[in-house]
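A.B. asks: Protein chains in written order, with the working numbering: chain A, 151 to 745; chain B, 2 to 136.
There's no promise every hint is true.
What the hints assert, rightly or not - The calculated DSBU-like cross-link candidates involving lysine-lysine, where the alpha carbons are at most 35 Å apart (straight line), are:
| # | chain 1 | residue 1 | chain 2 | residue 2 |
| --- | --- | --- | --- | --- |
| 1 | B | Lys47 | A | Lys283 |
| 2 | A | Lys716 | B | Lys43 |
| 3 | A | Lys254 | B | Lys47 |
| 4 | A | Lys258 | A | Lys301 |
| 5 | A | Lys301 | A | Lys254 |
| 6 | B | Lys50 | A | Lys258 |
| 7 | B | Lys50 | A | Lys561 |
| 8 | A | Lys634 | A | Lys716 |
| 9 | A | Lys254 | A | Lys283 |
| 10 | B | Lys43 | A | Lys283 |
| 11 | B | Lys47 | A | Lys716 |
| 12 | A | Lys254 | B | Lys50 |
| 13 | A | Lys301 | A | Lys283 |
| 14 | A | Lys561 | A | Lys634 |
Just so you know, the hints here were simulated from the structure itself, not pulled from any lab data.
This structure is a prediction, so every number in the text was calculated from the model and none was measured.
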Amino acid sequence: MKRIAIVGMPNTGKSTFFNRLTGSSSRVGNWPGVTVELLSAHTILGSEAVEVVDLPGIYDLHGFSDDEQVVRSFLENNAVDQVVMILNAAQLDHQLPLALQIHKLGMKPVLLANMIDEAEQLGIRINAQSLSKSLDCPVILMSARNGTGLKEVRETLIDRLQSVHPVKPQELKAYLHADDELVAHAESLVSEHVSSPSRLVRRMTERIDRVLLHPLLGLPLFFLAMFLVFQAVYTLGAPLQDAVAYLLELFRGWALDPLASVLPATLYGFLVDGLYDGIGTVASFVPVIILFFFLMAVVEDSGYLARAAYLTDALMARLGLDGRGFVMLLMGFGCNVPALMGTRVMRSRSLRLLSMLVIPFSLCSARLQVFIFITTALFTPQQAPVILFFMYMASFAAAFLTALLFGKRLKSDEPFVLELPPYRMPVLFQVLMRGWHEISHFLKRASTFIITGVVLVWWLTHYPEGSTPGGAGTYASMVGDWLKPVLDPIGISSMMSVVLLIGFVAKEIVIGAIVAMTGLQGAALNGYLSTQMDGIQAISFMLFILLYTPCLSTLATQLSESRSWKFTTVSLAWSLSLAWVVSFGFYQGALLLGY
Amino acid sequence: MKYKQLSFRFVILICFILAFVLTGPLLREDNVSSFQLVRDSKHMKKVQKTMTNLSRLGTGETAHITGIHAPDDIRQRLQAMGLRTGREAQVIRCTRLGPMQIRVGSVDLIMRRCDAARVEIAACSAARIDVVAKK
Numbered sequence: 151m152k153r154i155a156i157v158g159m160p161n162t163g164k165s166t167f168f169n170r171l172t173g174s175s176s177r178v179g180n181w182p183g184v185t186v187e188l189l190s191a192h193t194i195l196g197s198e199a200v201e202v203v204d205l206p207g208i209y210d211l212h213g214f215s216d217d218e219q220v221v222r223s224f225l226e227n228n229a230v231d232q233v234v235m236i237l238n239a240a241q242l243d244h245q246l247p248l249a250l251q252i253h254k255l256g257m258k259p260v261l262l263a264n265m266i267d268e269a270e271q272l273g274i275r276i277n278a279q280s281l282s283k284s285l286d287c288p289v290i291l292m293s294a295r296n297g298t299g300l301k302e303v304r305e306t307l308i309d310r311l312q313s314v315h316p317v318k319p320q321e322l323k324a325y326l327h328a329d330d331e332l333v334a335h336a337e338s339l340v341s342e343h344v345s346s347p348s349r350l351v352r353r354m355t356e357r358i359d360r361v362l363l364h365p366l367l368g369l370p371l372f373f374l375a376m377f378l379v380f381q382a383v384y385t386l387g388a389p390l391q392d393a394v395a396y397l398l399e400l401f402r403g404w405a406l407d408p409l410a411s412v413l414p415a416t417l418y419g420f421l422v423d424g425l426y427d428g429i430g431t432v433a434s435f436v437p438v439i440i441l442f443f444f445l446m447a448v449v450e451d452s453g454y455l456a457r458a459a460y461l462t463d464a465l466m467a468r469l470g471l472d473g474r475g476f477v478m479l480l481m482g483f484g485c486n487v488p489a490l491m492g493t494r495v496m497r498s499r500s501l502r503l504l505s506m507l508v509i510p511f512s513l514c515s516a517r518l519q520v521f522i523f524i525t526t527a528l529f530t531p532q533q534a535p536v537i538l539f540f541m542y543m544a545s546f547a548a549a550f551l552t553a554l555l556f557g558k559r560l561k562s563d564e565p566f567v568l569e570l571p572p573y574r575m576p577v578l579f580q581v582l583m584r585g586w587h588e589i590s591h592f593l594k595r596a597s598t599f600i601i602t603g604v605v606l607v608w609w610l611t612h613y614p615e616g617s618t619p620g621g622a623g624t625y626a627s628m629v630g631d632w633l634k635p636v637l638d639p640i641g642i643s644s645m646m647s648v649v650l651l652i653g654f655v656a657k658e659i660v661i662g663a664i665v666a667m668t669g670l671q672g673a674a675l676n677g678y679l680s681t682q683m684d685g686i687q688a689i690s691f692m693l694f695i696l697l698y699t700p701c702l703s704t705l706a707t708q709l710s711e712s713r714s715w716k717f718t719t720v721s722l723a724w725s726l727s728l729a730w731v732v733s734f735g736f737y738q739g740a741l742l743l744g745y
Numbered sequence: 002m003k004y005k006q007l008s009f010r011f012v013i014l015i016c017f018i019l020a021f022v023l024t025g026p027l028l029r030e031d032n033v034s035s036f037q038l039v040r041d042s043k044h045m046k047k048v049q050k051t052m053t054n055l056s057r058l059g060t061g062e063t064a065h066i067t068g069i070h071a072p073d074d075i076r077q078r079l080q081a082m083g084l085r086t087g088r089e090a091q092v093i094r095c096t097r098l099g100p101m102q103i104r105v106g107s108v109d110l111i112m113r114r115c116d117a118a119r120v121e122i123a124a125c126s127a128a129r130i131d132v133v134a135k136k
């Protein structure tokens with residue numbers, strides 16, 4: 151099969167083009183370096199099947215960041231039939247040197263000047279034909295957002311794939327020396343073939359930035375925006391969640407119960423009360439998670455994340471991190487795993503390690519799900535969002551404290567220079583794709599982790615035979631008793647400690663575990679929870695859930711990204727002890743104050 | 002029960018205050034550049050202090066880049082982002098504490114003051130024309 155590799159600088163719309171060309175979904179973010187894993191997809195071009203690989207966005211082929219090394223080693227080790235380079239048509243002066251680097255390697259790239267609509271609005275005119283002649287490779291003007299020029303791209307690629315032979319660049323370094331020469335060449339090319347106004351004016355972006363990057367208003371507006379996102383997730387998500395729960399209940403009453411009633415009582419209990427209700431309760435959170443990712447995708451694609459880095463860098467610099475670390479922390483609110491991978495854009499190892507130490511404290515969607523469940527059960531609708539917001543604050547505080555404590559050991563000299571992209575309207579198609587991508591990831595985890603976890607908890611809380619389900623004498627209560635000396639001082643009952651133990655694998659299991667343990671649902675379950683813990687205990691429980699390691703996958707990612715057992719162990723030990731100390735402090739403090 | 006919920010809000014309030022007390026000291030202004038430029042040689046730091054550099058420009062001011070004084074890998078990084086000798090750089094936005102927003106060609110960058118201090122500049126073209134005219 152022939153292979154096409156897509157290269158380009160960050161923020162040029164590589165992923166959007168990749169999605170357009172292959173029709174598959176990949177994450178797109180208006181943020182340098184979001185696509186860190188190599189995405190590939192198969193598509194038909196003309197009469198043959200072609201593999202398309204989306205490489206990470208890079209500024210320089212012989213740079214020193216991990217991403218740049220990924221691209222280089224990919225090109226060194228894989229035969230590529232055709233390199234496609236995406237350029238931002240509005241920034242050709244900035245981007246042509248990379249194109250020339252690739253050209254110099256003998257790879258004969260097809261150059262796609264993307265975002266031509268944006269460039270035209272700015273008054274930039276590109277003479278594609280003459281530029282293509284000077285460069286001796288095709289130059290096509292296109293817009294991956296609205297599809298302009300895509301037909302021509304396909305035709306050119308079909309044409310090229312038939313005539314071009316694969317290149318295997320062996321000695322890359324040797325070619326990559328005359329850097330300044332390339333820049334001069336690029337500049338002469340731009341002045342010859344591109345006409346642009348003497349000063350670019352992005353009126354909209356500048357007008358918006360005047361407010362959003364205001365020295366005093368900027369940060370409060372940022373926090374307000376984040377608060378609104380979480381508020382929206384809560385207020386819009388709750389009715390959806392009820393609807394799904396209602397449908398699942400309906401299905402159980404109409405179809406499942408009559409069918410399953412022929413089964414023996416134990417098997418019925420296991421299948422319906424354990425498995426179906428456990429998974430069903432987890433499934434009812436799917437709308438909330440979809441909603442969260444839709445909103446995050448909108449924020450990400452609009453270009454606001456880079457502004458968030460600008461606004462928070464002053465604070466992060468004092469912690470030994472930088473604005474990018476903050477953005478990764480925000481990404482971690484979706485899922486810690488991609489955020490950990492996103493730190494690859496950082497070149498300095500100590501900065502990377504520090505960021506990776508901090509990211510597991512960001513409140514991911516799996517933990518959000520647990521918190522929504524508990525706050526809904528135990529607090530009034532007015533209190534619930536406030537407590538949720540408090541959890542986010544606690545998450546930030548834990549991250550900052552960690553950075554402050556470990557920052558002295560992990561000093562870095564990484565320059566903080568980031569591109570600030572103009573604001574862009576998020577594309578609906580991309581946002582939907584992104585939501586789908588995340589939810590399928592969630593369901594994939596659900597199908598293995600959650601089912602196993604739910605079954606395990608059900609077994610632990612219903613056996614040995616003859617014991618009261620979820621009560622004394624079960625294996626669960628034995629484990630709980632064993633953990634009592636540690637978890638009693640932080641107000642966590644022995645039954646809940648089993649849940650915590652299971653939650654170590656993944657937080658998605660926690661709710662399913664509670665359901666399987668009690669065999670209750672809906673209002674009855676809420677009632678049961680309020681007998682298990684009061685408000686203070688619930689918050690102590692949530693603080694513990696927030697801080698003790700997010701899940702096994704996060705730990706595995708930390709290990710694979712840092713390639714250090716020592717680092718992973720330190721991270722785990724630190725988060726466990728921090729969780730206990732914070733919960734202890736909160737619970738005992740509240741008791742002392744007389745609540 | 003009602004009373005308990007009401008007093009509960011005070012707990013939340015206390016926690017908020019704690020969170021802010023914790024983050025408060027972080028906002029204090031101190032010398033960021035001391036840990037940022039750990040690998041720059043003494044000579045380099047001296048040059049950075051004496052030369053006219055990008056960090057000294059105010060909002061809206063423009064200048065030509067004449068050189069970058071940093072270890073090789075960092076210089077390469079800055080160059081790849083568009084900060085190359087001969088280009089014109091304009092400061093779009095800068096605050097006392099946070100990073101600066103710089104426009105080079107068609108690209109907007111955000112960078113810390115201590116990184117901007119590595120970029121040597123000369124007076125902008127308009128001023129230079131004036132000097133030439135006077136001669």
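A.B. asks: If a hint holds in the structure, say so; if it does not, say that too.
C.D. replies: For each hint, the structure was consulted:
1. At roughly 48 Å between alpha-carbon atoms, B/Lys47 and A/Lys283 are farther apart than 35 Å, so this suggested pair is violated.
2. For the hint linking A/Lys716 to B/Lys43, the alpha-carbon distance of about 34 Å falls within 35 Å, and the restraint holds.
3. At roughly 38 Å between alpha-carbon atoms, A/Lys254 and B/Lys47 are farther apart than 35 Å, so this suggested pair is violated.
4. Between A/Lys258 and A/Lys301 the CA atoms are separated by roughly 20 Å; this keeps the pair inside 35 Å, and the hint holds.
5. Simply put, A/Lys301 and A/Lys254 have alpha-carbon atoms about 27 Å apart, close enough for the 35 Å limit, and the pair holds.
6. Our distance criterion of 35 Å between C-alpha atoms is broken by B/Lys50 and A/Lys258, whose separation comes to about 45 Å.
7. Of the pairs offered as hints, the one joining B/Lys50 and A/Lys561 holds, with about 22 Å between alpha carbons and a cut-off of 35 Å not exceeded.
8. Proximity of A/Lys634 to A/Lys716 is assessed by CA-CA distance (about 29 Å); at most 35 Å being required, the pair is judged to hold.
9. Distance hint between A/Lys254 and A/Lys283 is fulfilled; the C-alpha atoms sit about 16 Å from each other, no more than 35 Å.
10. Among the hinted pairs, B/Lys43 with A/Lys283 is inconsistent with the structure: their alpha-carbon atoms are about 49 Å apart, more than 35 Å.
11. Between the alpha carbons of B/Lys47 and A/Lys716 the distance comes to roughly 39 Å, so the proposed pair goes past 35 Å and is violated.
12. Under the criterion of a C-alpha separation no larger than 35 Å, the hint pairing A/Lys254 with B/Lys50 is inconsistent with the structure, at around 39 Å.
13. Between the alpha carbons of A/Lys301 and A/Lys283 the distance comes to roughly 21 Å, so the proposed pair stays at or under 35 Å and holds.
14. The straight-line distance between the Cα atoms of A/Lys561 and A/Lys634 is roughly 40 Å, outside the 35 Å bound, and the hint therefore fails.
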